[in-house]
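**Q** What follows is the residue order along each chain.
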Amino acid sequence: DTAVSQTPKYLVTQMGNDKSIKCEQNLGHDTMYWYKQDSKKFLKIMFSYNNKELIINETVPNRFSPKSPDKAHLNLHINSLELGDSAVYFCASSPASSAPGYTFGSGTRLTVV
Amino acid sequence: GDSVTQMEGPVTLSEEAFLTINCTYTATGYPSLFWYVQYPGEGLQLLLKATKADDKGSNKGFEATYRKETTSFHLEKGSVQVSDSAVYFCALSGHSGGGADGLTFGKGTHLIIQP
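Same order as they appear, the protein sequences are chains A and B.
Residues 1128 to 1240 in this note's numbering are what the first sequence lists, from first letter to last.
Residues 6 to 120 in this note's numbering are what the second sequence lists, from first letter to last.
A portion of the hints provided could be inaccurate.
[As the list claims (entries may be wrong)] Below are the EDC-like pairs computed for lysine to aspartate or glutamate, each with C-alpha atoms no more than 20 Å apart in a straight line:
hint	chain 1	residue 1	chain 2	residue 2
1	A	LYS1168	B	ASP89
2	A	LYS1167	B	GLU47
3	A	LYS1168	B	ASP7
4	A	LYS1198	A	GLU1180
5	A	LYS1168	B	ASP60
6	A	LYS1168	B	GLU13
7	A	LYS1198	B	GLU47
8	B	LYS112	A	ASP1165
9	A	LYS1198	A	ASP1212
10	B	LYS112	A	GLU1180
11	A	LYS1167	B	GLU68
12	A	LYS1163	B	ASP7
Calculated directly from the structure, the hints in this document are not laboratory data.
Please model the complete structure; the sequences and the hints are all you need to start from.
**A** Put into structure tokens, the structure is as follows:
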């Protein structure tokens, strides 16, 4: 009964490859997000999706593309991976209503070699 | 834009010591404020939150009060345990609701509790 689940938990890949990270939430939330946590533990939002519409796209390279097949899923696809993409990626979701609440997945540790 | 500043770590304390982790913020409007905790090798867990001025969030012995006049949301605990060792993040949401803005995080404070 995991609320926000991400797969895989660990991902090791070579430079130049294309990879995807999947995220699913069973909370009925309207908005989903992707965050990147760098080696210094700093967390920064990458994208958010609300009702299949991209709301935020921070200064993220266009090699990163979020894909939302439905309200419960927001996958992160990364093309032409670079060493600097190595990080922990967290998916999260929140309701669009007045009560603030963000639920995070357990993270995907991406290592580019 | 919105920003969150929290004290740099690591913060090392002995068990049963009093804990304060400072957090101040800059935001327009009336943000909601949060503390998240990340235990080693794990994801982010919501520790507590406050949605309006003078609200006090509390959980697991931790407390933080939303101080609009000083734009602060300091985290406190009266007696820490070894199991409290983790990284603590202060964060804000630019809207009172869940909002598509997402969260703006501070840089995190690594807390180490020694027995």
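**Q** Taken at face value, is the distance from the CA of ASP1165 of chain A to the CA of LYS112 of chain B at most 20 Å?
**A** Roughly 10 Å between the alpha carbons, so the hint for LYS112 of chain B and ASP1165 of chain A holds.
**Q** Sort out whether ASP7 of chain B lies within 20 Å of LYS1163 of chain A, counting only the CA atoms.
**A** Roughly 18 Å separates the two Cα atoms, so the pair holds.
**Q** Need the status of pair LYS1168 of chain A, ASP7 of chain B: alpha-carbon distance at most 20 Å?
**A** holds, 19 Å
**Q** Taking only the CA atoms, is the gap from LYS1168 of chain A to ASP60 of chain B under or equal to 20 Å?
**A** violated, 28 Å
**Q** Would you check the hint for LYS1168 of chain A and ASP89 of chain B, treating anything up to 20 Å between C-alpha atoms as holding?
**A** holds, 18 Å
**Q** Between LYS1167 of chain A and GLU68 of chain B, does the CA-CA distance stay at or below 20 Å?
**A** Answer violated: LYS1167 of chain A to GLU68 of chain B is near 26 Å, above 20 Å.
**Q** Hinted pair, alpha-carbon criterion (20 Å max): LYS1168 of chain A, GLU13 of chain B. Please report holds or violated.
**A** holds, 12 Å
**Q** Given the hint that LYS112 of chain B pairs with GLU1180 of chain A, test it: the Cα-Cα distance must not exceed 20 Å.
**A** It is violated: about 29 Å lies between the C-alpha atoms, which goes past 20 Å.
**Q** Is the straight-line distance between the alpha-carbon of LYS1198 of chain A and that of ASP1212 of chain A 20 Å or less?
**A** violated, 26 Å
**Q** Can you confirm whether the C-alpha distance between LYS1198 of chain A and GLU47 of chain B stays at or below 20 Å?
**A** Not OK: LYS1198 of chain A and GLU47 of chain B at ~25 Å, beyond 20 Å, violated.
**Q** Given the proposed pairing of LYS1167 of chain A with GLU47 of chain B, does the C-alpha separation stay at or below 20 Å?
**A** The hint holds at about 15 Å.
**Q** With the threshold set at 20 Å, check whether the alpha-carbon distance from LYS1198 of chain A to GLU1180 of chain A stays at or below it.
**A** holds, 10 Å
Of the numbered hints listed earlier, those contradicted by the structure are 5, 7, 9, 10 and 11.
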